[in-house]
Each structure stands twice: as C-alpha cells, then as structure tokens.
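**Q** Listed below are the residues making up each chain.
There are 2 protein chains.
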Amino acid sequence: MDAHTVGITMGDPAGIGAEIIAKGYSKLRADDRVRPVVIGDAAVLRAAVENCGLADELAVVTVESVDRAPAETDAIPVLDLANVDCDAFEYGVVREDYGSASLEYVERAIELVQEGTIDAITTAPINKQATKLAGSEYAGHTGMLADYTDTDSYSMMLIEDDLRVTHVSTHVPLREACDLVTTESVLETIRVTDDALDELGVDEPTVGVAGLNPHASDGGVLGETEAREIEPAVDAARAEGIDARGPESPDTVYVAAARGAYDCVVSMYHDQGHIPIKMLGFSGGGRGGSGDGRDGNGESDADGDATVSGVNVTVGLPIIRTSVDHGTAFDIAGEGVASEHSLIQAVAVATDMAARRGAR
Amino acid sequence: MDAHTVGITMGDPAGIGAEIIAKGYSKLRADDRVRPVVIGDAAVLRAAVENCGLADELAVVTVESVDRAPAETDAIPVLDLANVDCDAFEYGVVREDYGSASLEYVERAIELVQEGTIDAITTAPINKQATKLAGSEYAGHTGMLADYTDTDSYSMMLIEDDLRVTHVSTHVPLREACDLVTTESVLETIRVTDDALDELGVDEPTVGVAGLNPHASDGGVLGETEAREIEPAVDAARAEGIDARGPESPDTVYVAAARGAYDCVVSMYHDQGHIPIKMLGFSGGGRGGSGDGRDGNGESDADGDATVSGVNVTVGLPIIRTSVDHGTAFDIAGEGVASEHSLIQAVAVATDMAARRGAR
Numbered sequence: 001m002d003a004h005t006v007g008i009t010m011g012d013p014a015g016i017g018a019e020i021i022a023k024g025y026s027k028l029r030a031d032d033r034v035r036p037v038v039i040g041d042a043a044v045l046r047a048a049v050e051n052c053g054l055a056d057e058l059a060v061v062t063v064e065s066v067d068r069a070p071a072e073t074d075a076i077p078v079l080d081l082a083n084v085d086c087d088a089f090e091y092g093v094v095r096e097d098y099g100s101a102s103l104e105y106v107e108r109a110i111e112l113v114q115e116g117t118i119d120a121i122t123t124a125p126i127n128k129q130a131t132k133l134a135g136s137e138y139a140g141h142t143g144m145l146a147d148y149t150d151t152d153s154y155s156m157m158l159i160e161d162d163l164r165v166t167h168v169s170t171h172v173p174l175r176e177a178c179d180l181v182t183t184e185s186v187l188e189t190i191r192v193t194d195d196a197l198d199e200l201g202v203d204e205p206t207v208g209v210a211g212l213n214p215h216a217s218d219g220g221v222l223g224e225t226e227a228r229e230i231e232p233a234v235d236a237a238r239a240e241g242i243d244a245r246g247p248e249s250p251d252t253v254y255v256a257a258a259r260g261a262y263d264c265v266v267s268m269y270h271d272q273g274h275i276p277i278k279m280l281g282f283s284g285g286g287r288g289g290s291g292d293g294r295d296g297n298g299e300s301d302a303d304g305d306a307t308v309s310g311v312n313v314t315v316g317l318p319i320i321r322t323s324v325d326h327g328t329a330f331d332i333a334g335e336g337v338a339s340e341h342s343l344i345q346a347v348a349v350a351t352d353m354a355a356r357r358g359a360r
Numbered sequence: 361m362d363a364h365t366v367g368i369t370m371g372d373p374a375g376i377g378a379e380i381i382a383k384g385y386s387k388l389r390a391d392d393r394v395r396p397v398v399i400g401d402a403a404v405l406r407a408a409v410e411n412c413g414l415a416d417e418l419a420v421v422t423v424e425s426v427d428r429a430p431a432e433t434d435a436i437p438v439l440d441l442a443n444v445d446c447d448a449f450e451y452g453v454v455r456e457d458y459g460s461a462s463l464e465y466v467e468r469a470i471e472l473v474q475e476g477t478i479d480a481i482t483t484a485p486i487n488k489q490a491t492k493l494a495g496s497e498y499a500g501h502t503g504m505l506a507d508y509t510d511t512d513s514y515s516m517m518l519i520e521d522d523l524r525v526t527h528v529s530t531h532v533p534l535r536e537a538c539d540l541v542t543t544e545s546v547l548e549t550i551r552v553t554d555d556a557l558d559e560l561g562v563d564e565p566t567v568g569v570a571g572l573n574p575h576a577s578d579g580g581v582l583g584e585t586e587a588r589e590i591e592p593a594v595d596a597a598r599a600e601g602i603d604a605r606g607p608e609s610p611d612t613v614y615v616a617a618a619r620g621a622y623d624c625v626v627s628m629y630h631d632q633g634h635i636p637i638k639m640l641g642f643s644g645g646g647r648g649g650s651g652d653g654r655d656g657n658g659e660s661d662a663d664g665d666a667t668v669s670g671v672n673v674t675v676g677l678p679i680i681r682t683s684v685d686h687g688t689a690f691d692i693a694g695e696g697v698a699s700e701h702s703l704i705q706a707v708a709v710a711t712d713m714a715a716r717r718g719a720r
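The listed protein sequences correspond, in order, to chains L and D. By the working numbering, the letter at position 92 of the first sequence is numbered 92, and the numbering carries on one by one without gaps. When you read off a place in the second sequence, starting at 1, and then add 360, the result is the number in the working numbering.
Since no wrong hints were added, every one of them can be taken at face value.
Part of the chain L face toward chain D, derived, beta carbon under 8 Å:
# : residue
1 : R175
2 : L212
3 : N213
4 : P214
5 : H270
Chain D residues, not near chain L, derived (Cβ > 10 Å throughout):
#  : residue
6  : A415
7  : E424
8  : S425
9  : D440
10 : D445
11 : E464
12 : G476
13 : Y508
14 : I692
15 : G696
16 : A715
To give a feel for the contact side, a few chain L residues facing chain D, derived at Cβ under 10 Å:
#  : residue
17 : A139
18 : C178
19 : R259
20 : Q272
No wet-lab data here; the hints were simulated from the structure. Don't be surprised by glycine CBs; every beta carbon is placed ideally from N, CA and C.
So that you can see chain L by itself, here it is in the shape it has in the complex:
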C-alpha cells in the first residue's frame, strides 16, 4: 500500500490551525496510508504542542524537503517557512504579517502539489481580514486555488455524515446569487459534482438538484428559474449520462438526501446548502470544529460506524484540496481546547481521494 503525502497548511498563526494539527497528529498517523507534512512555521507549531500539553510525547522537526520527512509518528514534520516573528507573537489578532504568512503556506503547498511532491492539500483556516490587509485579492482559499490552477469550473462541497452539498455560487449577495443560476452554471456544477462523487468513491452517483424558489416554484407559480434555467441543465446532464434529478423543492431535498435518496445536492446559493449541513452537524450531537460551541468528538455515529463530517472539498480543481469546516476561532486560539475532529476528517478525505487517483 502506498502512502500518500498530504500537505497541511498551518493557517493563520494567530488562529487554532497549529493546535488542531498538534492535537490531531497522532490520530492522523494511525492511518498507515497518510504521510502528513505541515507547511507552516515550526516555532508556532512548537508553542501549540506546548499549549496542548503534548510536549512530552510529540516533537516538531523541520524538514528541508518533503522527501526527507521522518517516518516516526512522534514528531511532526514541518516545512518551516519561518515567516512569523515569535518574539512578538500573539493569538487571536488580525495582523498583516500573519495574513501574509498564511498566504505563503498555501502558495508553497500549491507549488508542491503541482510539481508532484505532495499528493493533496488540506488547509487549516486563514483569516480573510488578515489576508486582505496583506494585499490578497482572494476572498479565501478557494478562489486562490482556482486561480493558481487556471480552473474555471469548481464548487465548494461540504460533507456532513451522509449529506453532501455543492453550490452554484457561494460568497455573493443573494440577489446576485439568483442571477448566477443559469443553465450553464448549474450544468457545470452538476458535472463537477458528479466527477467529485466518483473521486470520493461513490458508485453510480445520484445528484439531486435543488430549485431556487420555494417548492421549486410549484410548477411555475412561484418563479420561472426552474423551468428556464434549472430543468434544461438537469436534462443536459442526464443526456451526458449523469443521474441528475430535479429541480427538487429546496425544503425537502436535503432531508431526502440525508435519508439516502441523493449522494449530493447541488445547491443554488450559499445558505441553501450551508444551513442543512450545519443543522445536521448540530443534530449529530456536537463534534468537531471549534469557536462555534462544538466540543464533542463524535467520530462515530450512534451505530459506531465511522462517518465523515465537517469537511469542505473544493471540487473541480486539477489538484486535491480539502479543508476543515470551521474558522480561525480567534476567541479560543492558544487555549488548546479547539477540536481536531474536522482536520482529521479533512485529511482522511484527501487521502482517500489521492488513493483513488493513484489507482487509476
């Protein structure tokens, strides 16, 4: 069995990125297939190990290149960009230098994955205000990754237990999101969703497509976007051999998907997809993440089966990129209380995808 190298970008130094890596490292190494390497700052990572009370059992080793990452499981290998001034270090603050550091971690990771040195990227959270101060034009990781890889068609997929959602648009005002629902954009999102499900190991994927309007317009009474834009996209996708169905009523399609009717729901706008994912995460009993009150572990469901939850995958990219589903949690950074759950899950999904790409 080949091991797959997953580059974990450390995220904003003032956030919880370093500590979720420290808390999660031994669990990550429990899976033989994963060879994680952190792209970040060794000093910040050492402080996190200390903060989490793990200094006796876990070391941090800097590596010159990913090929020289150590095999031991009690030392976190880090490609040390050493761009954080540790003498004046502080948690929980928006700083231009931290924004700049966060961006460099991601840039380096993209280079490494593009040159084939690493197999996938999992990103810890960055702070958008900080990266903006640092002069970044990107609203977050996703736009940056798409741009660096010359990708036009991509989508944010969120995974929580048995529910997966993708989005036709994300960070735009709702009125603009309505205008972005076109036959072309919906069809492209269905396509990248179907491809991604294949990469995630779903056999014969079924894609549910949400409507834009209440009750998917109730046959045209509540809007015309379904008939004019979404139905033609679903028809075109089906003509290409994709098992797409819809447009379905937005208020029932996510429940149907969570029950197993669809492997993913193509959502017409940010909150249509985010609200059901977060509600399911909540109902799952509080696990993963941080900074939003989650504090459980919840790696198994009630039946004891392993479930994937709290993972964000950018689908449609030529490279593999997964992410935690939470933010920098500045309010609790440095306390060692953030949950490593989402990170572990995100690395596991990246590893699965890398294994499948390798098998082709």
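Put chain D on the given structure of chain L with help from the hints.
**A** Frame of chain L; chain D shown alone:
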C-alpha cells in the same frame, strides 16, 4: 380548569385529514383542557374511523351546534357540513367539489371563532390545486385567514422541538422575497413574533433575526440589505423593548437557536426558515406527519420531556390558528397509515394559547 373548544377543520376529503383526526382523537381527549369539535363531513370521518380499524371503539356523532358537543371521549363530534357526495367518493384525487368543501370547513370555523363559539382553529391540510379549481384566490389557509380577519401583519411560525422560526415572506419567488425585506416588513415580523412568543408562554422572549445574504453580508462585503433594512428594524424593535438581536449569519443562527440562544428566528424568506426546521425534524428521528416518509411517534425527546414538533402557527391574527406541518399526502390517503402526531401537537399548542388568552 376551563375546557377550550378547538375547532378542527377536516381538510381535503381526499387527503389524510379525516384519518389523522380518527387516529388522534383519543389522545386529544387525554388532555382535559381540550374539547375538540370537527368541522367537516361525518360520512368521510366515519369511513376514516373504519379504515383505521377503530370502528369498535370510536363513534362519530353529528352535532347541531358546538354547544351540544358530547362529553364522551369515545365519539368524535362533528359539525357536519355534508358537502361531500359519498356515493362517488375517492381518495387521493384533486377535485373541485373537494376543494370547495375544504374551503367551506375553514370559512365556518372562522365564523365560529369570530362569534366566540370556539376558542381556536386547528386546520388539517387542504389541497391548493383543488381549492384553485374551486375558484379560491388564496394560496392556502394563511392568506384566507388574514383576509377574513382583516389582518395586515402576520407570519407563518413553524415549531420543531426547541426551534421556532417565523418568516418575512413565504410563497413568493426568491428574487421577490429579497425585495420584500424592508425595514417595515422586518420590524412587523419581529413584533408579531415577539407577541406570539408571549402567547406561547415564553418568558422574556429573545428574537434572533437572520440576515438575507451569506454571513449576514460580512459587514457589507456581501450585500447591503443588512445595513440598510434589517439593522434599522432590529434597532427599532429594541427601542420598543423587544429583545431582538441581529442580523445574524443565516447559516449559524438556526443552530444557535436550536441550542437555546433564541426563542425564535425571524427568517427573511421561505426556505431560510423551512430548511432548518425540516432538517431538525428529520434528525429528531422521524415523527409525525405523513407522506414524507415520517412514521415515528416521537412525542418525547431523548430525555423523555414532552416537546412540540411539527406545528405551524399563524402569528399576528386576532384569532388562534394552528396547523399540521404536512400536506394532504394523497399517496397514502385512505390507508390509515398517516401519523396523527402533528395534529395532536397542533391542537395542544392551540389549547395552550387559548388558555393563556383566557387567563388575561
């Protein structure tokens, strides 16, 4: 303790209304405070009792007036409008005469509650296609009730376990819903929400107000509706002494409310409020309703506490009106398998509200 008369309109004769009344009647009578009376068709109700295998234990008695409803708990009193032709009766079909009958039940119920003969109305589902065939201009019960009671400011409140939501708009296209988010409409919805929470017995209610755009516009980056329309409404509500808070990010405010941070979330459009309610209902383990796969009982949560779930309350009306949260379920009508849970909960909420109005 006074008993409160709740008029239950039977809903579309071809749907599951009559059978959920038959199945639920003995449970309804377990609460001494409730004196239910059905406004519908005795023959259809008798057939439902038969279909549900309850003919040995439950009779149907027609009453001339609500005052003469019998005290026995083994006979369902029905104000028989006798407007269904039982010789050619059929389940699960859209028919003009059934639409017309459904409307008459509701009209009579409104008359009875306005003249003070009954204390509240709980409605079983009607079929909008059938009522349209019958010439009704209303999209459903709510508009009809508002019109008959000369009410301008009202909102659909959905209740599921610890989560309550109200809506600034419901059955309109999403683009139109965006335009309907004005300071005035949001403020009015906050007001009727706060009043309703008081009527529902919530002490010192806290009202969460959702934003319209992703992340409630992230400080204006993703839209201006929050700053221009929603914030002034929240400020005005607070100036009136209402504990309103927001605008909050739509993808987290419902989770926060389900955890207890808010007694109700004012939602900017139909699906924003409906999606989290239905996801919570799903996660609750399958209870109530019918026709959407629900078949549990779920009257208690994991701790054994009684919870309210699957109830729709029209707030802002001068009269008390609650409703089940499901449709006519034509696919299973007549089989006796529909769950009575939502009806029982809807009658219980109507009774609570009537008791509180009576106590003032």
